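S.K.: Sequence:
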Amino acid sequence: MDFTLVISQVIILFFIMFLGYVLRSKGIITEEGIKNFSSLIFYVTMPAMIIASLGNTASTKLSDLYDIALATFITYGILIGMAPVLAKLVKAPLGSIGLYKFMAIFGNVGFIGFPMTIALLGEDALFMAAIFNIPFNLLLYTLGVYFILSDKNKDHKMEWSIKQFMNPGIIATVIGIISFLSGWKLPVVVLNISDVLGSITTPLAMIVVGASLFGVKIRTILKNYRIFALSVIRMILFPLGIGFVLSSIGLTGFGLWVPIILSGMPIGTNTVIMARQYGGNTLEASEAVFLSTLMMIATIPILIIIVGLYS
Numbered sequence: 001m002d003f004t005l006v007i008s009q010v011i012i013l014f015f016i017m018f019l020g021y022v023l024r025s026k027g028i029i030t031e032e033g034i035k036n037f038s039s040l041i042f043y044v045t046m047p048a049m050i051i052a053s054l055g056n057t058a059s060t061k062l063s064d065l066y067d068i069a070l071a072t073f074i075t076y077g078i079l080i081g082m083a084p085v086l087a088k089l090v091k092a093p094l095g096s097i098g099l100y101k102f103m104a105i106f107g108n109v110g111f112i113g114f115p116m117t118i119a120l121l122g123e124d125a126l127f128m129a130a131i132f133n134i135p136f137n138l139l140l141y142t143l144g145v146y147f148i149l150s151d152k153n154k155d156h157k158m159e160w161s162i163k164q165f166m167n168p169g170i171i172a173t174v175i176g177i178i179s180f181l182s183g184w185k186l187p188v189v190v191l192n193i194s195d196v197l198g199s200i201t202t203p204l205a206m207i208v209v210g211a212s213l214f215g216v217k218i219r220t221i222l223k224n225y226r227i228f229a230l231s232v233i234r235m236i237l238f239p240l241g242i243g244f245v246l247s248s249i250g251l252t253g254f255g256l257w258v259p260i261i262l263s264g265m266p267i268g269t270n271t272v273i274m275a276r277q278y279g280g281n282t283l284e285a286s287e288a289v290f291l292s293t294l295m296m297i298a299t300i301p302i303l304i305i306i307v308g309l310y311s
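First residue of the sequence shown: 1, per our numbering; consecutive thereafter.
What the hints contain is simulated information worked out from the structure, not anything from laboratory work. Predicted model only: the values in this text are computed from it and were never measured. It is possible that part of the hints are untrue.
To be verified - Derived DEER-like restraints, expressed as beta-carbon distance ranges:
{"id": "1", "residue 1": "217", "residue 2": "81", "range": "12 to 20 Å"}
{"id": "2", "residue 1": "174", "residue 2": "94", "range": "17 to 25 Å"}
{"id": "3", "residue 1": "283", "residue 2": "188", "range": "36 to 44 Å"}
{"id": "4", "residue 1": "305", "residue 2": "33", "range": "20 to 28 Å"}
{"id": "5", "residue 1": "199", "residue 2": "11", "range": "14 to 22 Å"}
{"id": "6", "residue 1": "25", "residue 2": "177", "range": "25 to 33 Å"}
{"id": "7", "residue 1": "298", "residue 2": "195", "range": "43 to 51 Å"}
Stated by the list, open to error - Derived BS3-like pairs (lysine-lysine); straight-line CA-CA distance at most 27 Å:
{"id": "8", "residue 1": "91", "residue 2": "152"}
{"id": "9", "residue 1": "91", "residue 2": "185"}
{"id": "10", "residue 1": "152", "residue 2": "26"}
{"id": "11", "residue 1": "152", "residue 2": "88"}
{"id": "12", "residue 1": "35", "residue 2": "88"}
Just so you know, even glycine gets a beta-carbon here, dropped at the ideal spot from N, CA and C.
Given these sequences and hints, build the entire structure.
M.R.: Below, the structure written as C-alpha cells:
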C-alpha cells in the first residue's frame, strides 16, 4: 500500500489552511473577502466539480454495480439515522445541533477519501467510490442545507421552501446523474471547463477554513471535546459499525471496503462553506475541519485495521 498520496493530501490541506490564516492576519483577505470566496465556491466551483466528477464516469461500464448501490443506500441510511443520536451524545450546543448532524454525515470524501481508496484498494476501486459519492452530493444540498438552516430556530423546526433547496449544487447533481445513468456524454469542452473550475474548490475552501480560524488559539481548538468525540465516533466507530452491518448481509470486496473507507474520513471542508452560505456556526465548523483532519494522522492505521477485519 502506498500512502504517500494520502499523506501528501493531508499536508497540502494544512499548508493551504495555514496560508488562509496568514492572508487573513495580514489583512490581504478580509471578512468580506471570505464571504465572497464562499459564494464563489457555492455557486460556481462546487457545482462544476460535481458535473466533472459524474460526467467523467459516464463512459464507464455500468455492470456489477448492485453491491455498491446497496452498500451506498445502507451506509447513508445508517449515517442519517445516527446523526441525531451523535449530536445528542456529544451534547452539541443549542445553536449548532444541525451543524453537528451535518458533520456526522458529510466527510472529506473527494480530496482525502478517493486517494485513501486508491492507496488501500487500487485504482480499480475509484469508480466504486465515485458511485458512492453520488448520494453525497444530493444529500449535501438538500438534507445538509436543512440541518444548517434548522440552527436558526431554537426549536429546530422550520418551514420547507423549494427556493432554499433549488441551488446550483442540486442542478449540477441532477445533470451529472442523468449523464451517468443514461450514458449520455456531456460535450468535452463542458467537462474540461467544469474540471478546471472544480479543481480550485478544495484550495479555495481550505483558504476559507484557515481565514475563518483567525484569532482562535490552537489550544482552544484542541480542547473542544465535543468535536474530538464526534471525530472519534465518525472516523472509527462508524466505519466499524458499517463494516459489521454490510458484511452481515453478505457484501464483500469493493462493495464492502469502499463504504468502510469513505465513512471514516474527517469532516469535509464543505461544512464551512455551507455554514457560511446558510448562516451556520462558521467558527465551530472551521475548528471541526481542522481538528478532525489533524486526528486523521492517528486514525489512518486504525482504519486500515478495520478494513483488514473484513478482508
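S.K.: If a hint holds in the structure, say so; if it doesn't, say that too.
M.R.: We went through each hint and held it up to the structure:
A hinted range of 12 to 20 Å for the beta carbons of residue 217 and residue 81 is inconsistent with their spacing of about 36 Å. For the pair residue 174 and residue 94, the supplied restraint of 17 to 25 Å is violated, since their beta-carbon distance comes to about 35 Å. Between residue 283 and residue 188, the C-beta spacing of about 42 Å keeps the proposed range 36 to 44 Å intact. Between residue 305 and residue 33 the C-beta distance comes to about 43 Å, which lies outside the given range of 20 to 28 Å.
A C-beta distance of roughly 18 Å is found between residue 199 and residue 11, which places it inside the suggested range of 14 to 22 Å. In this structure the supplied range 25 to 33 Å is violated for residue 25 paired with residue 177, their Cβ-Cβ distance being about 42 Å. Between residue 298 and residue 195 the beta carbon distance is about 33 Å. The supplied range of 43 to 51 Å is therefore violated. Taken as a hint, the residue 91 and residue 152 pair is honoured in the structure, with Cα atoms around 18 Å apart against an allowance of 27 Å.
Restraint check for residue 91 and residue 185: not satisfied, since their Cα atoms lie roughly 47 Å apart, outside the 27 Å limit. Among the hinted pairs, residue 152 with residue 26 is inconsistent with the structure: their alpha-carbon atoms are about 32 Å apart, more than 27 Å. Under the criterion of a C-alpha separation no larger than 27 Å, the hint pairing residue 152 with residue 88 is consistent with the structure, at around 18 Å. Distance restraint check for residue 35 and residue 88: the Cα-Cα separation of roughly 30 Å exceeds the 27 Å cut-off, and the hinted pair is therefore not satisfied.
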